[in-house]
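Colleague: Using the sequences and the accompanying hints, generate a full structural model.
So the sequences go chain by chain: A and B.
Numbering that gives the first Met the number 0 puts the first residue of the first sequence at 0, with every later residue one more than the last.
Numbering that gives the first Met the number 0 puts the first residue of the second sequence at 0, with every later residue one more than the last.
Since the hints were made in silico from the structure, they are not lab data.
Take the hints with a grain of salt, since some may be wrong.
Said to hold, decoys possible - EDC-like, lysine to aspartate or glutamate: derived pairs with alpha carbons at most 20 Å apart: (1) A/Lys89 x B/Asp102; (2) A/Lys89 x B/Glu98; (3) A/Lys89 x A/Asp116; (4) A/Lys89 x B/Asp100; (5) A/Lys89 x A/Glu142; (6) B/Lys89 x B/Asp58; (7) B/Lys89 x A/Asp100; (8) B/Lys30 x B/Glu150; (9) B/Lys89 x A/Asp116; (10) B/Lys89 x B/Asp74; (11) B/Lys30 x B/Asp102; (12) A/Lys89 x A/Asp55; (13) B/Lys89 x B/Glu107; (14) B/Lys89 x B/Glu29; (15) B/Lys89 x A/Asp37; (16) B/Lys89 x B/Asp116; (17) A/Lys89 x A/Asp74; (18) A/Lys30 x A/Glu147.
Protein chains: 2
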Amino acid sequence: MTTKTRETDIAVDPDVPLVRITRDFDAPPEKVFRAHTDPDLVVQWLGPRSLQMRIDHYDCRTGGSYRYLHVRGQDEFGFHGSFHEVRPNKVIVQTFTFESDPDGVALERIVFTDLGDGRTRLTSTSLVDSFAARDAFVASGMESGVREGYERLDEVLSAA
Amino acid sequence: MTTKTRETDIAVDPDVPLVRITRDFDAPPEKVFRAHTDPDLVVQWLGPRSLQMRIDHYDCRTGGSYRYLHVRGQDEFGFHGSFHEVRPNKVIVQTFTFESDPDGVALERIVFTDLGDGRTRLTSTSLVDSFAARDAFVASGMESGVREGYERLDEVLSAA
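Modeller: Written out as structure tokens, the structure is:
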């Protein structure tokens, strides 16, 4: 199996306060989906390498919810949300709040597209209620965390 | 107690695909909040008079979810979503899907503001990912349903 790193495309929408992230993976939708729903797999890749992920709960089903922490030494960063809809191997729609900004909330949609030949395109959109909030999110350094997380996901998919 | 009907203000945001609904009620926040969270009360007012509401489940707490039907004769319209955050007497953040448009989803925030003198201002925003979807929602006739629902809520608050 190759360990080539694919490009992660991160783009802001010109018309609405939304960020769109696109990334291809060398694994079929079933496998990429499972890496998003099984907390034992999620904990291995979500976020940058410098942070350790600790899951409080991760009940990835329609009507479920989640909370996790990213930990670096003494620092803990909490995140939580609810799963609006989970369609196996197709789509996850969820909410997302970074607890240091407790009034902020994003509506996220993760779409798993079968590219054939055991490959999957992941398209993840994140919608918020103002351009200022969207641009602050992009400026926060999320890009490197997202890219690094997807590189770790490549590794999880290779190993599984 | 007066039965005066207050104005419901429904406004589209000029910059983002969001609808903002504002309405005052002659009841304190605790009471207006309870009418949003207790399914035995919700069923009495949510939606226009011409539809009967049937609740499948309504678990209004952070991380909970809901599903209900609006029924008119043989016609049934389903709605479901998840409760991202429920702060008692302050705010409810939830998702919303009309099941006839299963890929559509709105992120809603309902804020309960204490106006003093036993009055509450309800500010409800609904965010979607395109102006076309937002404008279709407004054009769907939701305005009369919202206004009538809030008139029914006045009655529930007077009776309780």
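Colleague: Holds or violated: A/Lys89 and A/Glu142, Cα atoms, limit 20 Å.
Modeller: Between A/Lys89 and A/Glu142 the Cα gap is close to 24 Å, so the pair fails against 20 Å, i.e. violated.
Colleague: B/Lys89 and B/Asp58: Cα distance at most 20 Å?
Modeller: 17 Å, holds
Colleague: For the pair supplied as a hint, A/Lys89 and A/Asp116, confirm whether the alpha-carbon distance does not exceed 20 Å.
Modeller: 17 Å, holds
Colleague: Does the alpha-carbon distance linking A/Lys30 and A/Glu147 stay inside the 20 Å limit?
Modeller: Holds - the C-alpha atoms of A/Glu147 and A/Lys30 are around 19 Å apart, at most 20 Å.
Colleague: Given the hint that B/Lys89 pairs with B/Asp116, does the C-alpha gap stay at or below 20 Å?
Modeller: Answer holds: B/Lys89 to B/Asp116 is near 17 Å, not above 20 Å.
Colleague: Sort out whether B/Asp74 lies within 20 Å of B/Lys89, counting only the CA atoms.
Modeller: 35 Å, violated
Colleague: Do the alpha carbons of B/Lys89 and A/Asp37 lie within 20 Å of each other, as the hint requires?
Modeller: 34 Å, violated
Colleague: Does the alpha-carbon distance linking A/Lys89 and B/Asp100 stay inside the 20 Å limit?
Modeller: 17 Å, holds
Colleague: For the pair supplied as a hint, B/Lys89 and B/Glu29, confirm whether the alpha-carbon distance does not exceed 20 Å.
Modeller: 9 Å, holds
Colleague: Taken at face value, is the distance from the CA of B/Glu150 to the CA of B/Lys30 at most 20 Å?
Modeller: 15 Å, holds
Colleague: Tell me if the straight-line CA distance from A/Lys89 to B/Asp102 falls inside 20 Å.
Modeller: With a Cα-Cα distance of about 12 Å, the restraint between A/Lys89 and B/Asp102 holds, given a limit of 20 Å.
Colleague: When you check the alpha-carbon spacing of A/Lys89 and B/Glu98, does it fall within 20 Å?
Modeller: Holds, at roughly 17 Å.
Of the numbered hints given earlier, the model fails hints 5, 9, 10, 11, 12, 15, 17; all others are met.
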